[in-house]
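Visitor: Note that the protein sequences, when read in sequence, are chains B and U. With the numbering used here applied, the first sequence covers 1 to 183. With the numbering used here applied, the second sequence covers 1 to 417.
Some hints here could point you the wrong way.
Which chain U residues face chain B? A few, computed with CB under 10 Å, are given here [claimed, not checked]:
id : residue
1  : His-64
2  : Asn-76
3  : Phe-92
Distance condition first, Cα-Cα at most 27 Å in a straight line; then the derived BS3-like pairs of lysine-lysine [stated by the list, open to error]:
id : chain 1 : residue 1 : chain 2 : residue 2
4  : B       : Lys-178   : B       : Lys-62
5  : U       : Lys-187   : U       : Lys-277
6  : U       : Lys-88    : B       : Lys-178
7  : U       : Lys-153   : B       : Lys-118
8  : U       : Lys-72    : B       : Lys-169
9  : B       : Lys-61    : U       : Lys-72
10 : B       : Lys-4     : B       : Lys-118
11 : B       : Lys-129   : B       : Lys-169
12 : B       : Lys-178   : U       : Lys-53
13 : B       : Lys-4     : U       : Lys-13
14 : U       : Lys-165   : U       : Lys-53
15 : U       : Lys-13    : B       : Lys-178
16 : U       : Lys-316   : U       : Lys-288
17 : U       : Lys-178   : U       : Lys-165
To be clear, the hints were calculated from the coordinates, so they are not data collected in a lab. Being a predicted model, the structure only gives us computed values, none of them experimental. Quick reminder that beta carbons are idealized off the backbone N, C-alpha and C, glycines included.
Residues per chain are reported as follows:
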Amino acid sequence: MAEKKTAHRGRIWIISDSQGNLIENIDTDQIFHNAFLHITELSQMGQYALGNLEGWKDFSKKARSGDILVAGRNFGAGSSRQQAVDCFISLKIGLILVPSFGAIYFRNALNSGFPVLKSSVLEELVREKKLETGDEIEVDFLQGEGLSLSKDFSFRVEPMSSVQSDIFKAGNLFNYGKTMLKD
Amino acid sequence: MAQTFSEKIFSLKARRDVKAGEVVIVSPDYLLSHDNAAAIIQEFNKLGIKQVKNPQKIVIILDHVVPASTEKYAQNHQLIRKFVASQKLQNFFDINCGICHQVFSEKGFALPGKLILGSDSHTTSYGAFGAFAAGIGRSEVASLWAMDEIWLKVPETIKIELAGKLPPGVYTKDVILKIIGEQGADKANYKAVEFSGEAAKNFSLASRLTMTNMAAELGAKNGYFIPNEETIHFLEERKKEDYQIISSDDEAEFEEIIQVDVSSIEPQVACPHTVDKVKPVSEVVGTKFHQALIGTCTNGRLEDLRIAAKVLKGKKVHPAVRVLVIPASQETYRVSMKEGIMEIFSAAGCVVLNPGCGPCLGAHQGILAPAEVALSTANRNFRGRMGSRDSEIYLASPATVAASSLHGEITDPRTFL
Numbered sequence: 001m002a003e004k005k006t007a008h009r010g011r012i013w014i015i016s017d018s019q020g021n022l023i024e025n026i027d028t029d030q031i032f033h034n035a036f037l038h039i040t041e042l043s044q045m046g047q048y049a050l051g052n053l054e055g056w057k058d059f060s061k062k063a064r065s066g067d068i069l070v071a072g073r074n075f076g077a078g079s080s081r082q083q084a085v086d087c088f089i090s091l092k093i094g095l096i097l098v099p100s101f102g103a104i105y106f107r108n109a110l111n112s113g114f115p116v117l118k119s120s121v122l123e124e125l126v127r128e129k130k131l132e133t134g135d136e137i138e139v140d141f142l143q144g145e146g147l148s149l150s151k152d153f154s155f156r157v158e159p160m161s162s163v164q165s166d167i168f169k170a171g172n173l174f175n176y177g178k179t180m181l182k183d
Numbered sequence: 001m002a003q004t005f006s007e008k009i010f011s012l013k014a015r016r017d018v019k020a021g022e023v024v025i026v027s028p029d030y031l032l033s034h035d036n037a038a039a040i041i042q043e044f045n046k047l048g049i050k051q052v053k054n055p056q057k058i059v060i061i062l063d064h065v066v067p068a069s070t071e072k073y074a075q076n077h078q079l080i081r082k083f084v085a086s087q088k089l090q091n092f093f094d095i096n097c098g099i100c101h102q103v104f105s106e107k108g109f110a111l112p113g114k115l116i117l118g119s120d121s122h123t124t125s126y127g128a129f130g131a132f133a134a135g136i137g138r139s140e141v142a143s144l145w146a147m148d149e150i151w152l153k154v155p156e157t158i159k160i161e162l163a164g165k166l167p168p169g170v171y172t173k174d175v176i177l178k179i180i181g182e183q184g185a186d187k188a189n190y191k192a193v194e195f196s197g198e199a200a201k202n203f204s205l206a207s208r209l210t211m212t213n214m215a216a217e218l219g220a221k222n223g224y225f226i227p228n229e230e231t232i233h234f235l236e237e238r239k240k241e242d243y244q245i246i247s248s249d250d251e252a253e254f255e256e257i258i259q260v261d262v263s264s265i266e267p268q269v270a271c272p273h274t275v276d277k278v279k280p281v282s283e284v285v286g287t288k289f290h291q292a293l294i295g296t297c298t299n300g301r302l303e304d305l306r307i308a309a310k311v312l313k314g315k316k317v318h319p320a321v322r323v324l325v326i327p328a329s330q331e332t333y334r335v336s337m338k339e340g341i342m343e344i345f346s347a348a349g350c351v352v353l354n355p356g357c358g359p360c361l362g363a364h365q366g367i368l369a370p371a372e373v374a375l376s377t378a379n380r381n382f383r384g385r386m387g388s389r390d391s392e393i394y395l396a397s398p399a400t401v402a403a404s405s406l407h408g409e410i411t412d413p414r415t416f417l
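Take these sequences, add in the hints, and give me the full structure.
Guide: Given below as structure tokens:
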């Protein structure tokens with residue numbers, strides 16, 4: 001298996017409300033509505049991403065492969081539905097970067113080998129307009145460093161824990177488990 | 001070394017002394033899934049493994065959309081039934097049993113000192129029995145079906161000490177809503193919550209389940225009560241296997257201790273659209289609504305139905321509201337019928353539905369139209385959860401929902417005592 005890249009560069013989306021503040025507590029009902037829970041095909045899920053979030057219902061049409069999503073604290077609170085992670089994988093989103101995640105959401109993403117990282121400085125950077133939608137940033141998952149290529153500054157990101165980076169490199173939880181059982 | 005409940009159970013499972021913050025590889029005692037077993041089966045099939053590793057640990061209970069409301073849901077149920085037969089799974093409960101968390105408890109899987117994982121966020125409920133019970137994702141469950149092992153982080157523990165005595169008309173639903181309102185929906189993200197104190201000792205098992213169920217709404221990995229006599233008695237005839245009570249040492253290191261005096265709490269209501277937007281009932285009295293829901297894994301147990309029936313007895317619900325009642329399980333349903341509770345609901349003009357999740361998650365049996373408002377005993381009021389994203393949900397205790405149903409607007413249940 002090819003080694004997975006442990007850094008990502010992409011265009012960011014600041015998921016904010018009409019006042020420009022990062023939206024907090026975006027729960028899994030807003031990320032992927034109940035009405036579509038019967039969908040089990042990954043390719044069908046992307047179109048519903050953030051489909052129930054005020055102001056962002058058209059996100060799936062605007063997002064491009066490799067884009068980075070920046071949102072407020074407690075992202076992915078609520079139900080354990082994995083479609084709330086898979087819809088972003090389906091859209092080929094490159095990274096989700098928020099101050100904090102709902103616990104099950106974080107595990108779901110981590111175990112799917114999808115990069116999710118936390119940073120405590122995001123609210124401030126967004127408030128000061130240092131991070132804006134459309135900016136190009138690069139984040140090193142293991143070093144925990146974010147770099148704005150648009151505005152030329154760096155910021156702190158919580159690096160992946162060892163279990164997170166191991167699963168990320170293995171591809172997903174199951175592949176990681178298989179390597180463990182071999183040891 | 002003094003340990004918390006979580007540290008003890010993970011030390012036992014990992015066969016070494018562990019502390020909060022460590023990552024351990026463990027094998028759970030039971031693994032719950034519901035209708036989402038269909039998605040898990042598809043994940044499992046992709047793994048290229050023929051047989052599940054430990055069939056007796058797998059519990060599947062259909063509850064989310066029962067009976068199936070569309071062809072797609074019917075196909076999902078069909079896929080699950082075929083898988084259950086081909087894998088020879090013994091612990092399967094079809095659409096006629098009830099809500100997974102209630103059935104899992106009644107059938108004796110929820111036991112003190114056990115590690116229980118489930119592909120439902122309210123798996124935290126079983127902490128009421130003194131288990132470590134956490135919700136996980138469906139690919140984690142697929143992986144567990146295949147390998148029977150998973151990584152978990154030993155959580156830090158927040159202890160909530162409950163003092164005082166509940167005033168009349170106030171229930172543990174009000175207590176947990178009050179706590180969530182004050183502490184915030186992400187207070188306990190990835191942490192364990194332990195309920196203790198003098199007040200907690202006297203809480204009934206059903207009342208405890210309401211609190212551990214809603215520990216998920218604090219973001220908690222699990223919520224815990226030390227089992228009391230009622231719990232042990234409940235398990236006597238039901239337990240699937242022997243168990244051992246595990247509890248925190250007095251000197252264990254808690255991340256935080258929160259004190260709550262329940263004597264001063266009044267009935268609480270969570271307002272749209274987050275569970276931590278909590279107000280005392282007095283501030284929302286008079287709010288009109290269209291649909292009431294009495295049931296769910298939070299408040300659909302016998303104790304809850306008895307409280308609601310006491311309020312509704314001999315009266316009629318307001319003509320402008322539709323009142324849905326859903327017993328949490330067939331057992332709850334049967335006992336309620338024997339006690340005459342169903343007769344009361346029916347005579348009052350309520351719609352009694354079959355045991356299951358009902359409209360709580362917006363899949364069927366009472367979807368809300370745009371601009372409609374629901375008052376529910378459930379645990380979540382996220383925007384659009386019960387139907388239209390332009391609808392609203394308020395959450396309250398069964399007493400508050402029943403009393404409000406008579407007036408067609410949010411009402412303080414204490415006026416009915």
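Visitor: Enumerate the violated hints, using their earlier numbering and listing them in ascending order.
Guide: 3, 4, 8, 11, 13 and 14
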